[in-house]
Amino acid sequence: MIESIVSYGLAVGCIYALIGITYNVMFSASRVFSFTSGTLGMLGGVLGSLFIARMGMPVAAGFLLALAAGALFGIVTEIVAVRPVLKNLEQHLYVLSTLALALMIQQLTAIEWSTEPQPFPRLLNVARGGFDQQFWLPMLACIVVVVGLELLYRHTLVGRAFLAIAEDNYAARALGLPERRLRMASYALAGVIGALAGFAGGEMLLAFFANAPMLTFYGFVPVALGGMGNNRGAVIAGLLLGLFEQVANFLVGGIFASVAVFTVFIIVLLARPEGLAGAAVQRRV
Amino acid sequence: MPISGADALLDVAGLSAGYGKIGVLHGIDMTVGAGEVVALLGPNGAGKTTLLRALSGLLAWSGSIRFAGRDFAGASPRDAVRAGLAHVIEGHRVFTQLTVLDNLLLAAYDLPRGERAARVEEVLELFPEIAAKRHGRAVALSGGQQQILAVAQGLVRRPRLLMLDEPSAGLSPVLVDRVLVVVRRLREAGTAVLLVEQLIEKALALADRVYALARGAIVLEAGTGEADLPHRLEHAYFANTNRHP
Amino acid sequence: MMDKPAEQLRPGSAAAPGSASALGAALPFLALLLVGISFPLFGGGYWGLIATRACVYWVLVSGLNLVVGFAGQIAIGWVALLTLGAYTTSVLTAGTVTPPLPPYLALLIAAVVGAIFGLIIGLPALRLRTFYFAITTLGFATIVTQVALAWQSVTGGGVGVPGPILPEPFSSQWGFYYFCFGLAAICTWMTANVAASRFGRALTAIRDAEVAAEASGISKPALLTAVFLFSGAVAAVAGGLFAALQSYITPDAFTLDLSILFFIAILIGGHGSILGPLLGTILLTVLPEFAAPLVAWSTFLYAVLLLVIVLVIPGGIAEILDFRNRRPLESGRAIVPRPDLLPRLFGAPSDPGVLRLEQVALSFGGVHAIDGLDLEIHPAQVHGLIGPNGSGKTTTLNVISGYYAQQSGAVRLNDIALPVLACQRRAHMRIARTFQTPRLVGAASVLENVMIGGTVDGEGTFVESLLSLPRHRRDEVMLRDTAMLALAVVGLERLAPVRADRLQHSELRFTEIARALMLRPAFLLLDEPAAGLSAEEIVRLGALLKAIARGGTGVLLVEHHADLIFDICHHITVLNLGRMLAAGTPAEIRSHREVVSAYLGG
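Protein chains in written order, with this note's numbering: chain A, 1 to 285; chain B, 1001 to 1245; chain C, 2001 to 2602.
Treat the hints with care, since some could be wrong.
DSS-like, lysine-lysine: derived pairs with alpha carbons at most 30 Å apart [to be verified]: (1) K2220/C x K87/A; (2) K2546/C x K1133/B; (3) K1021/B x K87/A; (4) K1021/B x K2220/C.
Bear in mind the hints are in silico, worked out from the structure with no lab data behind them.
Using the sequences plus the hints, can you model the full thing?
Here it is in structure tokens:
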């Protein structure tokens, strides 16, 4: 029993953490949060099922195509819902534009794909049971992303350009960095990460359009608790969230588990609005 | 001596710019010749920083800006850098979470990969005090060293015109002199410099020509060799004082 | 029938009461009223249901409009209150938990429950950033639905519970329609009253110019509390009506789509408007009916509509219908202040005492922004505060006006220390200020913006405004008259009905001054008011400030424009690096060697 709580909890926690990282990568590039992060996770699962199970593609091809679709959707988010409203950050229009875009994609999926959860194909041809792939695939995805981002930020100039833009957008522009192109690339990267989360977690979450609002919320909790833009915080918070949810599930049952998660979330947030690891923002008049 | 429009490296005519509804610059005319050091002086709020931002494309403007024979209409900061115009912004803003080396490599972003390391080394030779800390993160540098790093960033692309926005702000006198020595060497090497400064005596000692900006317009243009300059500047700043009954 | 303060129903529609524009603004509401009352004559049974549903939705949306459209809080999950109200009413009338209660009593109890939960769901807005708050409201909505599903003993779980049935004459279809229509009309009236009150204006100030709202004495927590209570209550009543309309409710009737619909109706309608969201609600309720094959696509269409509105016409339907603000303004407008009107505005002069800073110090991360500053501002004097960039001028002003807390030293008025970090309290002490960049509500008219400055002088409560009781009306007349006078003083009365974002920069500056004058301030703090003004306007500004000081006000003028400073100041303090470099009369400062150096550098 403990074993399954832990493996399920950590696995789903990795998915939440990855969506949190998706939020963070978009935030670092543009200073805004996008509602499309959860939708990307949903798309990873739905498209994976579409390409591999329904259309019969080989697993590798379906995987790459799903990631490509994620990158594309990330770029679309930037062009359609973020760039036009960046000039007016105080009006918070990005909340509405990204919400609208996310809703459009969710509804489209519900109509064109299915309103019921569909099965996600078994990715590796191995028998079920033990420490099953539906558990370690999300964990592997999380490790790959975390390590990959480290390598990107530490060892490539593009990665360091991302960090520069995240820290001081104005100075980056003045230095001559191609700020717009880098922002689009960040969003494409975020798209890939989100789609990867959904794909790796496909067997656990199934291919279901309603995963989008669920991931939008559960993927944001790691960001809120771990601090804006803080990927390490997101991973730790995501894992803790996954475990907490499973324990609550076990103790009080599925529905009250979500009540428990939400209650803890709101209490922590009210006590420390900047998150457990974040820094308080000084107000400038 | 004044440079005629024809051979000026930078030729600005009728430049106006502002922030939203607030107009800051009203019809600026100025030139900078190749290899010249030009000082831009003026009280706070006059529009000096706004002028530099317009020139490098960080701010929208109207009027005419020509640089090295190119029309700068619609040019982005990246276009400006590629054309040879570098802008070291105010406030010694460097990327504190990255190393000194990374800060300089980012300045070389648009250069071919093979050249980047060489250019960065070239610049580090000019500034031994930060060369010694090249692998440390910029956050560990003092304010003055960060300013030196920012100037170094501007030099990576071997610009034809380097614009410095108050490089002495927050620096100890020793470091101020270091920066100004570099500016002098740049002039000798043929790089033009447009220097916005608060320290008038030091700027005048270094520059060939000076413009004084007040309330968004040029109120004085002179060669630094001319007589009575400090007095004329003071008068230009505090002019238009209307006495009312 | 219903008394609508029609002249102020739309932003920018401020005009003298009783004029043609007042009727013009009321016309759409009267038309809707007429259509609604006569609906049963031409609409069939099916359309009657649609119309009833639109009325029920509008009852909720009218309240949510105050939260989203006026206060600017992005509360996406308000369906939670619809759910709460529906289940409370249904369970109480069904008698499964308590003995069955009469439907009206059940609705009343639902309203109370809704008010309490509206407050619970809404209050995090005071602590959380925008996106975070939006997500928490979504979370609440999900939770409430889940609890409805799980709490089978009370809510019937997935099986559901029958809705309330209203007694005669409201039990028939048309009877019920008139009941809902009546409530919808009352909600329209009440929220329109709030919109045209100091509370409505204060809400828009919180939305678009929060810093300035605080300087005008507006308390965000108090105002949001009132709005969340009201909004929660009507949403729960709407829930009860919804349950009656459906006649049987299950948890999956309360989808997130419904929440989004309410929210989008307000956004399509436009911020700060009553008519816009009303039309938006009708549109969104009716749209799926016309596009029959697209019913499944309705949420998709709503989302597309939302995206289009956000990107193309953020002002929504209200902006489209705002014909008055499409009329061109006269070009070549000059600002001609009339300082001679100041005595009429200020009334009898008073002696507030001296405003004193004693050894005030404040550092930001190791930088001494203010380093042991002594300053005295006397009534009836203009005191100039000048210095190079970074010398601490604006920081000093922010400490006096209560936005920053000094780390040592004191700010005293008449030897009583001013409370630290209490920027809302300054307005009550008659300390007014302007800002470096004008902070106004762009979507509101110039007159409304200036009236915001006098918010603390209103006496009526929020409830009195809701019901348009006499004290509310007296407040409105008083505020309007005072604001027109203040505008006349600064020379902008001709621009009173114009939307503030159509004004030139210099006109915005003078509007801010008029807003500050509404407090009849004992002390007026100005942060670089001359920036961006023409030479002529600076001269007029100087004359105005001198006149204000002559009337007894102590004026603190932070400025870069040396000519203005030397012209009108009785006393000047020069700051450098957070410390006083020199202080004295203009003549003394002018010739002070060190000052000249500091300005010129070296």
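Taking the hints in turn, this is what the structure says about them:
1. Proximity of K2220/C to K87/A is assessed by CA-CA distance (about 26 Å); at most 30 Å being required, the pair is judged to hold.
2. For the hint pairing K2546/C with K1133/B, the CA-to-CA distance comes to about 56 Å; that exceeds 30 Å, so the pair is violated.
3. The suggested pairing of K1021/B with K87/A holds, with an alpha-carbon distance near 15 Å, which does not exceed 30 Å.
4. In summary, the hint linking K1021/B to K2220/C is supported, as the alpha carbons are separated by about 29 Å, within the 30 Å threshold.
Taken one by one, the earlier hints fail for this structure only at number 2.
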